[in-house]
Amino acid sequence: MNKLYRLTTICLVLFSIFSVYVSIPSENNFFTAADEGFYFTFARLIRENGIAHFPALAKNYVSDKEVQIYPTPLRVGHILSTALWFRLFPNTYVSLARFSFFCFILFLVVSFYFARRNFGSDIAYLLVLLLSSSPLIMAMGRRALSDSYGNFLCGLTIWLFLDFLRRENKIKYFIFLIVYSLTVTVRESSVALLLFFVGFFLIYKHVYKRSISNTYLLGIILLPVFLVGTSYVILFGGVGSFIGLLREAVPLHFGTPPSSYSLLYCTGPWYRFIVDFLLLTPITTLLFIGYFSYMLLTRKFEWRITYFMAYFTTIFILFSILKYDKVVRFVINLETVIALFSVTALYELFRQRNEKRQINLVFITTVVIFLINYLSFIDIFLFNGVYDPISYPLLVIRKFIPGLRY
26 MNKLYRLTTI CLVLFSIFSV YVSIPSENNF FTAADEGFYF TFARLIRENG IAHFPALAKN
86 YVSDKEVQIY PTPLRVGHIL STALWFRLFP NTYVSLARFS FFCFILFLVV SFYFARRNFG
146 SDIAYLLVLL LSSSPLIMAM GRRALSDSYG NFLCGLTIWL FLDFLRRENK IKYFIFLIVY
206 SLTVTVRESS VALLLFFVGF FLIYKHVYKR SISNTYLLGI ILLPVFLVGT SYVILFGGVG
266 SFIGLLREAV PLHFGTPPSS YSLLYCTGPW YRFIVDFLLL TPITTLLFIG YFSYMLLTRK
326 FEWRITYFMA YFTTIFILFS ILKYDKVVRF VINLETVIAL FSVTALYELF RQRNEKRQIN
386 LVFITTVVIF LINYLSFIDI FLFNGVYDPI SYPLLVIRKF IPGLRY
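Numbering (the working numbering), first residue to last: 26 to 431.
Treat each hint with caution, since some may be false.
Unchecked claim - Restricting the straight-line Cα-Cα distance to at most 16 Å, the calculated cross-link-like pairs of lysine to aspartate or glutamate (EDC-like) are:
id	residue 1	residue 2
1	Lys325	Glu373
2	Lys230	Glu327
3	Lys230	Glu193
4	Lys381	Glu193
5	Lys234	Glu327
6	Lys234	Glu193
7	Lys90	Glu273
8	Lys424	Asp404
9	Lys84	Glu273
10	Lys28	Asp147
Don't read these hints as lab results, they were simulated from the structure.
Build the full structure now, drawing on both the sequences and the hints.
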């Protein structure tokens, strides 16, 4: 990719970042009675009272059934990080949204750095171009929610594990484990990643015949459990308090619907996530499906491609099993795989002897997709004001079904 293309990519990414920043809602336009209000309250209370207030948060959550439909105090990583943010910046909803914006930038930087290390500069530039224009990622980067922070940490965790496998190193290994442990404390559903890490470790060792000590596998299983469990027990004032919190939080994903909203809007068939991604980013999702299918049919299982295929499949299946969690922002990090495979799909589609012409076609197509994605963000989240990108408002906006203005 020549300098002009790289400069154009950088300018477009900066334009996208600027767009997210200027579109952060004003102080009176946040959903204070929904998740944003709870994240703000958590951060403010810990900012004012310190970590000694965590047992009170747990007690309130366990005793009040009405608050159990909202974010759980188990997300101590996000609560502590935003409480620290409130020590540095004003205690406002706008400030909390700017924390999400900061995480959005970090996510793009991390994605570029590791993609360049593993797939080369050309793919890294185009990957970040698509990620920066993802309507879902952009939208979460302007809200006072935990999704942008969770996406950044989840992305960092996935790249760190790949980097550790690529070049086995104890320092990288422990950094990966620490970041993964933090990720679980930000989005408790990230515990599902443990199945992926264990599964791909075994694939890497036995299918790809790589020499790697089983001691690492033992550490992957035990160390995050120890770190996360210990932090919870300490912060919530004992094992009993922690178990009581788990007893109330875990069944919400499987048993009786926690709210009418969950029953009406957060359930659905196993393929619901694919439908939502198609509604948000149709071209990249179609390219992803095509490339994923192409890899399965041709069996070109280069280990790093297999890594991301296994990651997508694991998360997709696990979240499809959860009855009341079929909300596309809960699997926001799958956008990384979708964007990565979209870029590699374009290289396959435009493969020819003239490499310069191939690069031209891939770049121009990616820029067109960037513009389409960007306009989708404007339409869905700014013009139509969607707060939670569930299927219903997306289907209405795309005019697949009639409905009241969401």
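Looking at the structure, which of the earlier hints fail to hold?
4
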